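Novice: Sequence:
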Amino acid sequence: MMVIMMMTIMMVVFMVVVMVMVVMMMMMMMMMMMMRKRRRRRWRRRRRTYT
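Positions 7 to 57 (the numbering used here) are the ones given, in order, by the sequence shown.
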């Protein structure tokens, strides 16, 4: 029983860690996309103002 409990706990912990990593990766990708879009818009505005 102890071995089975340890195995199930390890599996649950591993699944939680994997889910957290995936969520973090998705958040990073979304932030990168937003930053790129904002930077592009800012650069366009700056270029327009300079010109």
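Each hint should be verified, as a subset may be incorrect.
For each label pair, taking beta carbons as the anchor points, the in silico distance ranges come out as [said to hold, decoys possible]: (1) Met12 / Met35: 51 to 57 Å; (2) Arg42 / Met13: 39 to 45 Å; (3) Met41 / Met16: 42 to 48 Å; (4) Ile10 / Met41: 44 to 50 Å; (5) Val28 / Met8: 43 to 49 Å; (6) Met7 / Met37: 28 to 34 Å; (7) Met41 / Val9: 28 to 34 Å; (8) Met12 / Met37: 35 to 41 Å; (9) Met11 / Met37: 47 to 53 Å; (10) Met16 / Met37: 28 to 34 Å.
The hints are simulated quantities; they were obtained by calculation from the structure and are not laboratory data. Bear in mind that the values here come from a model prediction, so they are computed numbers and not experimental data. Positions of the beta carbon are idealized from the N, C-alpha and C atoms, including for glycine.
Novice: Now look at each hint and say whether the structure bears it out.
Specialist: Hints and how they fare:
For methionine 12 paired with methionine 35, a C-beta distance near 35 Å fails the hint of 51 to 57 Å. Look at arginine 42 against methionine 13: about 43 Å separates their beta carbons, and that is inside 39 to 45 Å. Roughly 37 Å separates the CB atoms of methionine 41 and methionine 16, a value that falls outside the hinted 42 to 48 Å. Separated by about 47 Å at the C-beta atoms, isoleucine 10 and methionine 41 satisfy the suggested range of 44 to 50 Å.
Range check, valine 28 to methionine 8: Cβ separation about 31 Å, and the 43 to 49 Å hint is violated. A hinted range of 28 to 34 Å is violated for the C-beta pair methionine 7 and methionine 37, which are about 45 Å apart. For the hinted restraint 28 to 34 Å between methionine 41 and valine 9, the CB-CB distance of approximately 48 Å leaves it violated. Between methionine 12 and methionine 37 the beta carbon distance is about 37 Å. The supplied range of 35 to 41 Å therefore holds.
Look at methionine 11 against methionine 37: about 39 Å separates their beta carbons, and that is not inside 47 to 53 Å. Hint check: methionine 16 to methionine 37, Cβ distance near 32 Å, so the stated range 28 to 34 Å holds.
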